[in-house]
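Chains as they are written, first to last, in the working numbering: chain A, 290 to 712; chain B, 317 to 617; chain C, 6 to 282.
Since the hints were derived computationally from the structure, they do not count as laboratory data.
What you were told as hints is all true, and nothing was included just to trick you.
Think about it this way: if two alpha-carbon atoms lie no more than 30 Å apart in a straight line, the pair counts; the simulated DSS-like pairs of lysine-lysine are:
1) A:Lys-374 - C:Lys-120
2) C:Lys-120 - A:Lys-361
3) A:Lys-629 - A:Lys-420
4) A:Lys-375 - C:Lys-120
5) A:Lys-338 - A:Lys-375
6) A:Lys-575 - A:Lys-467
7) A:Lys-577 - A:Lys-622
8) A:Lys-553 - A:Lys-529
9) A:Lys-361 - A:Lys-375
Footprint (simulated), chain A over chain B, 3 or more residues, beta carbon under 8 Å:
10) 357 to 367
11) 555 to 562
Only part of the chain A face toward chain C is listed, based on derived beta-carbon distances under 8 Å:
12) Thr-329
13) Ala-369
14) Pro-377
15) Leu-543
In this text, a Cβ means the ideal position worked out from N, Cα and C, and glycines have one as well.
Now for the letters of each chain:
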Amino acid sequence: MQAFAHLAAAFVLSAALSGVLSPAAAQQPVVLQWQTANLTESQYEPVWKATIAEFEAANPGVRIEPVLVARKDHWTKFVAAAQAKKAPCIVTVDLTTAAYNGYLLPLDKYFNAEPADFRAAWSPDMLSASKWKGQLYGLPIWGGTYAEIYNGDLVAKAGLDPARPPRNWAEYLAWSNKLTRNDQWATAVLGGKTDTTTRVLLMWIWSNGGEAFNADMTEATFAKNPRSLEAIKFYLGLVKEGVAAPAPTTTNYLEQTNLFAQQKIATMRNAYWSIAKVTADNPALKGKIFVTPGPANVPNAPTLATVAASSIAAGCPNPEAAWKFIKFDASRKWSIERAKVANWMPARNDLADDPAVRADPLLAQFVQIGNHARSYPLPSPIWAEIAANDIVDAVQKALLAPERTEEIFRELDTRLTRKLRDV
Amino acid sequence: MTTTQGRTTPWQRRRRVGYAFIAPVFLFLCAVVVVPLLHALWTSLHRVRGLNATFVGLQNYARVLADDAFWHSLAVSLEFTGLCVALHMILGLALALLLHELRFARTALRIAFLTPWMLAPAVGATIWLWLLEPQFGVVNYLLQAAGLLSAPLAWLGTPGLAFASVVTVDVWRGMPFVMLLMLAGLQTIPREQYEAAAMDGALAWQRFRHVTLPNLRYLLVVSSTLDIINTIRHYDIIGVMTAGGPAGATEVLPVLLYNTAFRGNRFGEAAAIGVLLLLIVLAFSIFHIRLTKPEQGGAAA
Amino acid sequence: MSRRAQPADALRWAATLGALAIVVFPLYWMLNTSLKPATEIFLSPPTFASRNWSLDAYATVLNQRPVGRYFLNSLVVALGTTVLSVTLAAFAAYGFTRFFPRGATPFIVFLLFTKMLPETLLIVPYFQLMSDLGLLDTYAALILAYSSFALPFSVWMLIGFFRSIPRDIDEAAMIDGASYLQAFVRVILPLARPGLVAVALFTFLIAWNSYVWALVLTTDSSMYVLSVGIANMVGEYRVQWNELMAAAVIAALPVMVLYSLLERHLVDAITSGAVKG
Numbered sequence: 290m291q292a293f294a295h296l297a298a299a300f301v302l303s304a305a306l307s308g309v310l311s312p313a314a315a316q317q318p319v320v321l322q323w324q325t326a327n328l329t330e331s332q333y334e335p336v337w338k339a340t341i342a343e344f345e346a347a348n349p350g351v352r353i354e355p356v357l358v359a360r361k362d363h364w365t366k367f368v369a370a371a372q373a374k375k376a377p378c379i380v381t382v383d384l385t386t387a388a389y390n391g392y393l394l395p396l397d398k399y400f401n402a403e404p405a406d407f408r409a410a411w412s413p414d415m416l417s418a419s420k421w422k423g424q425l426y427g428l429p430i431w432g433g434t435y436a437e438i439y440n441g442d443l444v445a446k447a448g449l450d451p452a453r454p455p456r457n458w459a460e461y462l463a464w465s466n467k468l469t470r471n472d473q474w475a476t477a478v479l480g481g482k483t484d485t486t487t488r489v490l491l492m493w494i495w496s497n498g499g500e501a502f503n504a505d506m507t508e509a510t511f512a513k514n515p516r517s518l519e520a521i522k523f524y525l526g527l528v529k530e531g532v533a534a535p536a537p538t539t540t541n542y543l544e545q546t547n548l549f550a551q552q553k554i555a556t557m558r559n560a561y562w563s564i565a566k567v568t569a570d571n572p573a574l575k576g577k578i579f580v581t582p583g584p585a586n587v588p589n590a591p592t593l594a595t596v597a598a599s600s601i602a603a604g605c606p607n608p609e610a611a612w613k614f615i616k617f618d619a620s621r622k623w624s625i626e627r628a629k630v631a632n633w634m635p636a637r638n639d640l641a642d643d644p645a646v647r648a649d650p651l652l653a654q655f656v657q658i659g660n661h662a663r664s665y666p667l668p669s670p671i672w673a674e675i676a677a678n679d680i681v682d683a684v685q686k687a688l689l690a691p692e693r694t695e696e697i698f699r700e701l702d703t704r705l706t707r708k709l710r711d712v
Numbered sequence: 317m318t319t320t321q322g323r324t325t326p327w328q329r330r331r332r333v334g335y336a337f338i339a340p341v342f343l344f345l346c347a348v349v350v351v352p353l354l355h356a357l358w359t360s361l362h363r364v365r366g367l368n369a370t371f372v373g374l375q376n377y378a379r380v381l382a383d384d385a386f387w388h389s390l391a392v393s394l395e396f397t398g399l400c401v402a403l404h405m406i407l408g409l410a411l412a413l414l415l416h417e418l419r420f421a422r423t424a425l426r427i428a429f430l431t432p433w434m435l436a437p438a439v440g441a442t443i444w445l446w447l448l449e450p451q452f453g454v455v456n457y458l459l460q461a462a463g464l465l466s467a468p469l470a471w472l473g474t475p476g477l478a479f480a481s482v483v484t485v486d487v488w489r490g491m492p493f494v495m496l497l498m499l500a501g502l503q504t505i506p507r508e509q510y511e512a513a514a515m516d517g518a519l520a521w522q523r524f525r526h527v528t529l530p531n532l533r534y535l536l537v538v539s540s541t542l543d544i545i546n547t548i549r550h551y552d553i554i555g556v557m558t559a560g561g562p563a564g565a566t567e568v569l570p571v572l573l574y575n576t577a578f579r580g581n582r583f584g585e586a587a588a589i590g591v592l593l594l595l596i597v598l599a600f601s602i603f604h605i606r607l608t609k610p611e612q613g614g615a616a617a
Numbered sequence: 006m007s008r009r010a011q012p013a014d015a016l017r018w019a020a021t022l023g024a025l026a027i028v029v030f031p032l033y034w035m036l037n038t039s040l041k042p043a044t045e046i047f048l049s050p051p052t053f054a055s056r057n058w059s060l061d062a063y064a065t066v067l068n069q070r071p072v073g074r075y076f077l078n079s080l081v082v083a084l085g086t087t088v089l090s091v092t093l094a095a096f097a098a099y100g101f102t103r104f105f106p107r108g109a110t111p112f113i114v115f116l117l118f119t120k121m122l123p124e125t126l127l128i129v130p131y132f133q134l135m136s137d138l139g140l141l142d143t144y145a146a147l148i149l150a151y152s153s154f155a156l157p158f159s160v161w162m163l164i165g166f167f168r169s170i171p172r173d174i175d176e177a178a179m180i181d182g183a184s185y186l187q188a189f190v191r192v193i194l195p196l197a198r199p200g201l202v203a204v205a206l207f208t209f210l211i212a213w214n215s216y217v218w219a220l221v222l223t224t225d226s227s228m229y230v231l232s233v234g235i236a237n238m239v240g241e242y243r244v245q246w247n248e249l250m251a252a253a254v255i256a257a258l259p260v261m262v263l264y265s266l267l268e269r270h271l272v273d274a275i276t277s278g279a280v281k282g
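Generate coordinates for the entire structure from the input sequences, incorporating the hints supplied.
Dropping the structure here:
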């Protein structure tokens, strides 16, 4: 592309235009761009704005420039920039995929130089979710523990006891039947085209003692593992049972939370942040919501906890300054602030006893449920694609033709196994 | 004074001046279109992993052509394009015929009908997303209120309905412009032809068949061919409404290309899909150029 | 045209208004939703005209994000694209119709070819190009990108249009002592005005409505155009339909006003330049 740049640069016009029209370059010594998928979420905006303001006040030589981008275009924008080695310095992206493609800088050097009590704030499990080939590519900042979230009013109306929520599938189904009535359903099955569909599916599989992949992620076992297949059939079968809202193939996080906020469904499988969303949509739900671990057929079934880590882009000219901001963003204060205001869960595990956390019963409960959670995304460089495309496609197909569920997931196993070995 | 025969005109002597007039556009397009295209061709011959690329010859093409997803996508693309273009033309012409003979309010109506076309496709698609919402959308409400539906439909939730929905939105957005073209075309048909036909006792249908249609033939061919080229490349509406789902029912080639590149990070394969798509569009275009003989001028979008 | 009987006329009106209702309904719904308070959005049955209509959603949108700035950016980019590509296109169309009347075919084939590229394929190369030129986060990057999409069509349409202007006219001007450029600027351009206006309208629309290029080529939020600013309002986590629709109205309004005012030229241009076979 270099030769071409010279040719194109010959365009006097473009040079003139840029000279006249481009804004004056920033005068600050160091400008760090910061791009994550959630800066545009309104519940998070007040927190990150305050974080930046305080950081800039404490570090006059550094300016943080937030890159606002809609979630669905986040990765596209990042990749376009990363391919030209112009990616924003501080990013939260699909970590394994980005590391595998060489878009990120290993952070071990910076992390290991930190004092021991700082490093101890992250559990080894949490850190391993941010590693690729043994190297650390991101510092876990926030995440979301998934749980079953109930609308207490609808539960009481159905004559059910909120103090004794369903613990296994049979009880869950019994509750579901009671929670379903005219124009209202017990829950929603997610089948829309984002990886949230996959997150919930994985939890159901784990809740039956099943596995979706073998230990080193070289083989998919959605249908091969009978417990997994049983879980898939049960979960997707909730639609056929009539206890889940219609139109599952277009139900995503957004549709699910709309249904919950409008009291069309009584329960949803979701993370803490969904509560901020539904109570903003429908303030009448405040104080009416309770959460439990998802129903499970095996003891100690893990739930799922997403991990969002801050990384430094390869080729960032100021990695030290970037690391400084990441550390600042991961500090106690902002971790708690994010949890309180935006319901983004802290990724560090030394905050459970913090008074601010204990004062919020829902948050405390999520922290407790999260004690037994598996990290998400799963460690594969092609995870983002698998989770948002292949698995979702299979779920959609199975929802449209339930009788073919086994065949569809067998095909998925074959397809995924081939892809995983191809990497 | 006009050009004298047998003598070279000032124009022919000054070709060089002509080059000066056309050079800017030519160079500009070379720079901003041809060079990125070469980049894409180069990419299609490499296995791209992040910033590293390995030459693999035609392997990406082989992979793409061996994948059912490509052929499925091609079929969906052809169905989508064929249906959309046919409906654009039929409904656009029908609307133009209606408007053409109205005695008043024609301009106002023409502008009103053109409004969907003025919206950005992605914005138009977002409005429809809201209209078609299964639980809270107004379309389900109206159909139920009118007694046409007993239960709400998941418009984007089943393959057939989702396909019909994205076609509807594309037709809604694309048809008005064809209407405008056809209105312009109708204005150029000489009145005498209709009067002669009327004197021969031709009925309305016969006048349409023997006067209107032959006069609009060129315009219909040009605009439908260009419409095919535009529709088969179109991403926005489907990208916003279904992202190719459910279960691949609306995964047209541009969506497959986007998903391969920006969800799958397989830029080599994506570029190969892009080049194949380009070849398909090229075939249509050659057909188009043959039909329209562009050296005689004429254009439509 | 022969006289029509009254019933046929009534039928024609009924069909026209019926079609109009269907075509315009989504736009009405956009407006209706944008005027509703948040509490009324999910009401069932939905309200078609509400006593609670207000401009609150617009106020929120305008306060929450620098929409004024986005608007200005969109305007600069769209106008810049229009000026650049109409100028270049007029030169080229003049050059072809006057100097190479028979040599236009290969060029038109080339133009068509540039129109065929799938946009997605060009995202990465474009970014790289603009980054190499140091044009990221500038109006110039967007103006150049959009011009490249608008130009093929503009040139093509203007070639048709310039052909309809007899060559005798500018030749006569030159016999009177005008230079090539003077003949072009003083004689031909005024005659071509309807065609130029039409092409300008198309170009403006393309630039105003484009999304993907603005998405990747700008990162500084003070350089965002309206389409990107609006897209950023759609969180996966929270969509405020009334605010989103208000933003869509804000983005659509200028184009609609522009087209309503200049639509006459569009039809004239198509009629005179494009329709004849």
